[in-house]
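Residue numbers (my numbering), protein chains in the order written: chain D, 8 to 422; chain A, 8 to 422.
Don't read these hints as lab results, they were simulated from the structure. The model shown is predicted, which means the values in this text are computed figures rather than measured ones. Wrong hints could be hidden among the right ones.
The list treats identical chains as interchangeable, and a pair is accepted whether it falls inside one copy or across any two copies.
In silico DSS-like cross-links for lysine-lysine, where the CA-CA straight-line distance does not exceed 27 Å [stated by the list, open to error]: (1) Lys386 - Lys332; (2) Lys66 - Lys174; (3) Lys178 - Lys66; (4) Lys107 - Lys324; (5) Lys305 - Lys324; (6) Lys151 - Lys90; (7) Lys119 - Lys227; (8) Lys66 - Lys44; (9) Lys332 - Lys305; (10) Lys327 - Lys305; (11) Lys250 - Lys203; (12) Lys227 - Lys209; (13) Lys112 - Lys227; (14) Lys391 - Lys116; (15) Lys326 - Lys90; (16) Lys373 - Lys392; (17) Lys61 - Lys151; (18) Lys243 - Lys233; (19) Lys183 - Lys44; (20) Lys176 - Lys243; (21) Lys373 - Lys305; (22) Lys107 - Lys203; (23) Lys391 - Lys112; (24) Lys148 - Lys332.
Number of protein chains: 2
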Amino acid sequence: MNAHIITIGDEILIGQTLNSNAADIGNKLVDIQIFVKKASIVADDETEIINEFKDCWDKNDLIIVTGGLGPTHDDVTRQCVVKFFNTELVEDQEVLDDVKKIFEKRGRKIDKINECQALVPKIATPIRNILGTAPGFYIEKDDKVFVVLPGVPAEMNYMMESFLIPKLKEKVGEIKSYSLRSNLLTTGIPESLLYKRLGNLKELLDGAKLAFLPNQFGVKMRITVKAETEILAKNKLLEIEQKIRGKVGRYIYSRTEETLEEVVGRLLTERELTISLAESCTGGLLSNLLTNVPGASKYFERGIISYGNSSKIEILKVKKQTLEKFGAVSEEVAIQMAEGVRNISKTNIGLSITGIMGPTGATTDKPVGLVYIGFCDDKTSTAKKFVFGEDRIINKHRTTQAALELIRRYILGIE
Amino acid sequence: MNAHIITIGDEILIGQTLNSNAADIGNKLVDIQIFVKKASIVADDETEIINEFKDCWDKNDLIIVTGGLGPTHDDVTRQCVVKFFNTELVEDQEVLDDVKKIFEKRGRKIDKINECQALVPKIATPIRNILGTAPGFYIEKDDKVFVVLPGVPAEMNYMMESFLIPKLKEKVGEIKSYSLRSNLLTTGIPESLLYKRLGNLKELLDGAKLAFLPNQFGVKMRITVKAETEILAKNKLLEIEQKIRGKVGRYIYSRTEETLEEVVGRLLTERELTISLAESCTGGLLSNLLTNVPGASKYFERGIISYGNSSKIEILKVKKQTLEKFGAVSEEVAIQMAEGVRNISKTNIGLSITGIMGPTGATTDKPVGLVYIGFCDDKTSTAKKFVFGEDRIINKHRTTQAALELIRRYILGIE
Chain D
8 MNAHIITIGD EILIGQTLNS NAADIGNKLV DIQIFVKKAS IVADDETEII NEFKDCWDKN
68 DLIIVTGGLG PTHDDVTRQC VVKFFNTELV EDQEVLDDVK KIFEKRGRKI DKINECQALV
128 PKIATPIRNI LGTAPGFYIE KDDKVFVVLP GVPAEMNYMM ESFLIPKLKE KVGEIKSYSL
188 RSNLLTTGIP ESLLYKRLGN LKELLDGAKL AFLPNQFGVK MRITVKAETE ILAKNKLLEI
248 EQKIRGKVGR YIYSRTEETL EEVVGRLLTE RELTISLAES CTGGLLSNLL TNVPGASKYF
308 ERGIISYGNS SKIEILKVKK QTLEKFGAVS EEVAIQMAEG VRNISKTNIG LSITGIMGPT
368 GATTDKPVGL VYIGFCDDKT STAKKFVFGE DRIINKHRTT QAALELIRRY ILGIE
Chain A
8 MNAHIITIGD EILIGQTLNS NAADIGNKLV DIQIFVKKAS IVADDETEII NEFKDCWDKN
68 DLIIVTGGLG PTHDDVTRQC VVKFFNTELV EDQEVLDDVK KIFEKRGRKI DKINECQALV
128 PKIATPIRNI LGTAPGFYIE KDDKVFVVLP GVPAEMNYMM ESFLIPKLKE KVGEIKSYSL
188 RSNLLTTGIP ESLLYKRLGN LKELLDGAKL AFLPNQFGVK MRITVKAETE ILAKNKLLEI
248 EQKIRGKVGR YIYSRTEETL EEVVGRLLTE RELTISLAES CTGGLLSNLL TNVPGASKYF
308 ERGIISYGNS SKIEILKVKK QTLEKFGAVS EEVAIQMAEG VRNISKTNIG LSITGIMGPT
368 GATTDKPVGL VYIGFCDDKT STAKKFVFGE DRIINKHRTT QAALELIRRY ILGIE
């Protein structure tokens, strides 16, 4: 099944909005063995949109369009659908009731603009929306499927899951060849070194595919295998993963899409360990990441954001002389911060972060990007030095990534 | 100038990576009055890529390609360029020196795989890379421009700014018609109500364009005007903005792309106010957002993440009886947290957040999504109740957005 995703919106072309919808749709289609070969983004322009519909209609069996379904004048997708399929708009009672219900729930009065959302192209089956007022459209014609979904991610995702995926699954029918993927997430090793350590790839992969996807925090290895049944594919995948782990296992922190904070949260929970955090330059980002994981209260009770020196002294009991002698960004202060937060929190682990994120704050001997991460348990206290780059936000993220990896390796006993 | 952006990579089609490059490029081109009409995403597949090159070559004057330039076997963009232009690879000494320098700087040994990055299509001018090892390619042929940039965002952005934008600016020459845009960011009012409040749009806009871009935190209004000179366009833009502000000004927190935390940071700095934060359920996200703003140390010295009850009692001096009587998620505890953090921090403002982010933690009378934001200055203490949705991460973000808007309205004296 040839599939194409069309995203509509000037805001995406001019860089004001990230195209998360195309990514989400692509991801969900993989689960039912539909692989998108191409996607496109088109401006809010009737001619451009209809041209793209024509072009995609000829080349594909499945076309999914998102965006441009809102109630205001700049949303033109619905009228493009009407023109392209040479159909007309008809009011759908069920959709109208849905729209009214949404307004009732929000305690707001409905007006004409909103009621117009119930006008649906005659050729289409409306896809109901419980999160917003714009319905989606499902059209089957000439053995092709053409679907239009709202641009608001939550609404689009709801319709994909509640309606489109089950519908397409039925249409696809029995699957003759299974393609399965897995991701091994690494951190702390560059792409080319990873590639080299794996050695002879042909031998290692035995027909499977391997892709390297680097970002600023690490390299993701994506393995793709094909087999006749799901079981065979799963076994082949596991076999290749084992071989890769044998060569670069210590750098792999996760399989599938588990984030590093989820891995750390899971490990802390499994080992029944508690942690407290003292963050200076990261300003709460590490605590925020750890508390994104449901159930974080099992291992995390408090964090101190000691952005200035007063709170380092008053709350964390860092010595004034240490601050004066070595400066706030130093190994010595990092250690005292970690010990301080562990003492007042009575946790197994105390972790601290102090550094210079930029753009200002550098001194002659301390550049932007300099970071110390302090770490202590009931036996020892240490601090590790890092030098990251120039960008404030990226530095905050690289620092927290390094801190999380430090916790992971500590728990697993990896050097 | 017809421009098209091609992003290459399976990872984008299957939803593992967001297409931030196409957005960044589109955004930068707007500054030099080049408007992208269409963009596409293509799989890591030679045939698909070359087909897309052909298709775009016929329809456009400027084609910008990103991705697939890495050193590993799954990066095929360079060989597609060679085939499409019927050219060959030649070693470029300058690029080779750049690659060697990068390895020296990182203290790593260079090998054959990395040296291959210096092979450049003969038809192209290499675009030098100081952040990574893959050079970009700039090709001019038949009065068309074809550019290939690496997929790593920082490297792509560096080449856009240091090389491509100046080069294209020169090529575009004198601009005959100026198109300018601005964004008015609103929060706390739904799209259809905003639309209604603006009244007769034709009269209001007088030929300009207005787009409504809603997301879960608010609605962005993008105004686009066209005029013969930059000054005329600017004046027209300001005139329309004034009219819009007259109708819905209290909901507008920002012009241009300033985020709400940047607005709040700027206001706190301008008024020389200081703030301290006590976060429970948001786990440090608000402190993180406020410290993303350079210069945050002027108004922010500390934050307490009191995720559990012990830290609320020990550090913030919340009364044990209050916790027992009303529960941690209550107006009373929110007020005591705000007062507590303000007392120990000696700031002008104390702000606290306590709530239930989900998926667990709800009780019979307190649902997931319930949040209290406490607020105090030297005169009064209050707490405001909110009920958000079911999603943990979205709840954290909506809560911090509401807290920031509360601070903004307090400083500006908006009811």
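Each hint tested on the structure:
no.	hint	result
1	Lys386 - Lys332	within (26 Å within a copy, 40 Å between copies)
2	Lys66 - Lys174	within (21 Å within a copy, 36 Å between copies)
3	Lys178 - Lys66	within (19 Å within a copy, 35 Å between copies)
4	Lys107 - Lys324	neither (58 Å within a copy, 47 Å between copies)
5	Lys305 - Lys324	both (26 Å within a copy, 22 Å between copies)
6	Lys151 - Lys90	within (18 Å within a copy, 33 Å between copies)
7	Lys119 - Lys227	between (50 Å within a copy, 22 Å between copies)
8	Lys66 - Lys44	both (11 Å within a copy, 21 Å between copies)
9	Lys332 - Lys305	between (38 Å within a copy, 23 Å between copies)
10	Lys327 - Lys305	between (34 Å within a copy, 21 Å between copies)
11	Lys250 - Lys203	within (14 Å within a copy, 62 Å between copies)
12	Lys227 - Lys209	within (19 Å within a copy, 51 Å between copies)
13	Lys112 - Lys227	between (43 Å within a copy, 24 Å between copies)
14	Lys391 - Lys116	between (59 Å within a copy, 24 Å between copies)
15	Lys326 - Lys90	neither (74 Å within a copy, 66 Å between copies)
16	Lys373 - Lys392	within (12 Å within a copy, 45 Å between copies)
17	Lys61 - Lys151	both (13 Å within a copy, 26 Å between copies)
18	Lys243 - Lys233	within (9 Å within a copy, 59 Å between copies)
19	Lys183 - Lys44	within (19 Å within a copy, 39 Å between copies)
20	Lys176 - Lys243	within (24 Å within a copy, 52 Å between copies)
21	Lys373 - Lys305	between (37 Å within a copy, 21 Å between copies)
22	Lys107 - Lys203	between (61 Å within a copy, 18 Å between copies)
23	Lys391 - Lys112	between (53 Å within a copy, 21 Å between copies)
24	Lys148 - Lys332	neither (77 Å within a copy, 62 Å between copies)
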